[in-house]
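Enquirer: Heads up: the protein sequence lines correspond to chains A and B, in order. Going by the UniProt record's numbering, the letters in the first sequence line up with residues 1 to 282, in that order. Going by the UniProt record's numbering, the letters in the second sequence line up with residues 1 to 302, in that order.
Hint data in this document are derived by calculation from the structure and do not stem from the laboratory. All C-beta atoms, glycine included, are put in the ideal place defined by N, C-alpha and C. Hints are supplied without guarantee of correctness; some may be wrong.
If you want a taste of the chain B side facing chain A, the calculated C-beta under 7 Å gives, among others [said to hold, decoys possible]:
1) A24
2) F42
3) F49
4) T50
5) P104
6) I134
7) S138
8) G147
9) G256
10) Y269
Covered stretches of chain A, going by a simulated chain B footprint (3 or more residues, C-beta under 8 Å) [what the hints assert, rightly or not]:
11) 32-42
12) 134-141
13) 152-166
14) 229-238
15) 257-263
Computed list of lysine to aspartate or glutamate pairs in EDC-like fashion (alpha-carbon distance at most 20 Å, straight line) [to be verified]:
16) A:K188 with B:D28
17) A:K50 with A:D69
18) A:K50 with B:D146
19) A:K188 with A:D172
20) A:K111 with B:D28
21) A:K188 with A:E176
22) A:K188 with A:E177
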Amino acid sequence: MSISTASRGQWGQRATDWGLFLWYVAAIVFLFGPIFAALVYSFNLGVVNKQTATITGWTLKWYPAAWNDLSLRRAVQTSLVLAFWSALISIIIGSALGYALVRHPSQIARKVLAGLTYVLLIVPETVIGVSLLLAYAVTRIPLGMATLVAGITPMAIAVVALIVRARVLTLDRRVEEAAADLGSSRLKTLWFIILPQIAPAVAAGGIMAYTFSFDNLVVSAFLTTPQVNTLPVYLYGSLQYGPSPAVYAAAAVVFVFTLLMLGIAALLYRLARRSGAAMTIA
Amino acid sequence: MSTLTSVPLDVIKPARGRLGAPSARLVDHLLAGIPTLWLALFFLAPLGFTVVFSFGRNIFGGVELAFTLDNYRTALSGFYGATFIRTIIFAASASALCLAVAYPVAYFIARHTSRHRVLAIVLILIPYFSSFLIRVMSLHMLMSRDGFAEAVLNVLNLHSGPLDVLDTQTAVFIGMVYAYLPIAIVPLYVVLDRIPRPLLEASRDLGASRLETFLFVTLPMSRPGIATAVLLTAVPMLGEMVIPKLLGGSRGVLMGQALSSQYLQSQNYPLGSAMAVLILLAIAVIVAGLARLTKGFAEVGQ
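Let the hints inform the model, and build the full structure from the sequences given.
Expert: Put into structure tokens, the structure is as follows:
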């Protein structure tokens, strides 16, 4: 390779590198733009209590306004209760699934479970939502909190299962075999050997399931009733007739809340990996 | 160490299997059985109802179970048929654009970040995990008349006067790309990161230019990531109902919305079920296509 083509190549490389960097920055700006805008609009005065695209002045009044909006507050409460039960159920069932996906002795069973999880992830939420609505209508089960929780859990279970599965894959199988050889029953091994090792992953998965359930709109939209109305469904409904800026204040609080929860989840997951590393060294 | 311990363990195994087998097997069956039962009840059974109902007949005040293809005929003709086709074209093109935008981003993270890599990924993930509705809601605000997008385009001289992008299919398109961009970046990053560096160096040493290395080594080796990204974007787009409703108004109706209104407004469950089954069939076709694309690699979605 001659010197001239080498330097031309270097110039071309530097230009590509810069281009890639700028592309990344542009993507980040694009992704964060609307989130940032939601925060900004929550301080917008608006016109006659309606949100406007232009900033008409700054105010803090929408935060107390959102807090004092009773139906909004009820929706938040419903969402919190829904997310709690959904997270609890998916922690138990999702962890079992995540473990069985890796360690079930029968290969056929593992394949069936993997297929089920896979299908769960690729069926659009709209289809899941209408199917559940139809199933409840046919079986004449009245809609309520329980039906909503049951409807949300399959997807939340998949979320927990995938995170737990990833952790179980890294576990040293010989530790379980050693426990069994020393006379520990399967249940005891699960409780005293496996669970402590996967606990942080379970917790991280639980928080992910919690935020997922809290934020879920599509499936909830089919299963909520005037009595049991979640926050996303309430916000979605309020958009149809021009939202008040209080909606943006609520959205801003939800955003910060979600970010906090995910921060905790990420921290737990990191801790899990570190303690996992310590364990294999020890 | 592993060779030393594996020998005695193998010797002990049969004995342990005989002693702890029944209860251990029970635990294993419970661990697999409980999730299966739960998912069968609240996921598979409802889908089954949908499939059965899609062949039923809508009669006044209820549904008559039958075996008719009328619902499919309705769902594939006229307005609904056009909507179905448009939805497929939309999902395909929006997913393609998503990938085109995502690929350089993923490439940048995989090849050009080292110390700040975690930060670079977290910045992509935060928007994805923050509320979907809030993001679409603000996007609506930004794209509306007198909004921020209008101001920027006017300043840059790319557009003059009021911006009427809302309630058009363009707005739906932008919204789809926006909403699904992060989830397209992640799987692409994962595969790009896993391509062994020595392979790229070998390609360079054997005389390939950077472009050639990219086209003949990197791109083919990132096929599983491309397949996963298509799966994670195109599939939910096929059922998407919120973005078309909020950004597209009456002109951007897609299948997900047409389907949901059969349940929430017209109460025509059989027709809605047929639409749902058609969406599932379209997804099955996509999955089969992607399986071909990744032949020889680990399974899609890993």
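Enquirer: Each of the hints needs a verdict: does it hold here or not?
Expert: A quick look at each hint next to the structure:
| no. | hint | verdict |
| --- | --- | --- |
| 1 | A24 | holds (4 Å) |
| 2 | F42 | holds (5 Å) |
| 3 | F49 | holds (5 Å) |
| 4 | T50 | holds (4 Å) |
| 5 | P104 | holds (5 Å) |
| 6 | I134 | holds (4 Å) |
| 7 | S138 | holds (4 Å) |
| 8 | G147 | holds (4 Å) |
| 9 | G256 | holds (4 Å) |
| 10 | Y269 | holds (6 Å) |
| 11 | 32-42 | holds (count 7) |
| 12 | 134-141 | holds (count 4) |
| 13 | 152-166 | holds (count 4) |
| 14 | 229-238 | holds (count 3) |
| 15 | 257-263 | holds (count 3) |
| 16 | A:K188 with B:D28 | holds (13 Å) |
| 17 | A:K50 with A:D69 | holds (15 Å) |
| 18 | A:K50 with B:D146 | holds (15 Å) |
| 19 | A:K188 with A:D172 | holds (17 Å) |
| 20 | A:K111 with B:D28 | holds (15 Å) |
| 21 | A:K188 with A:E176 | holds (10 Å) |
| 22 | A:K188 with A:E177 | holds (12 Å) |
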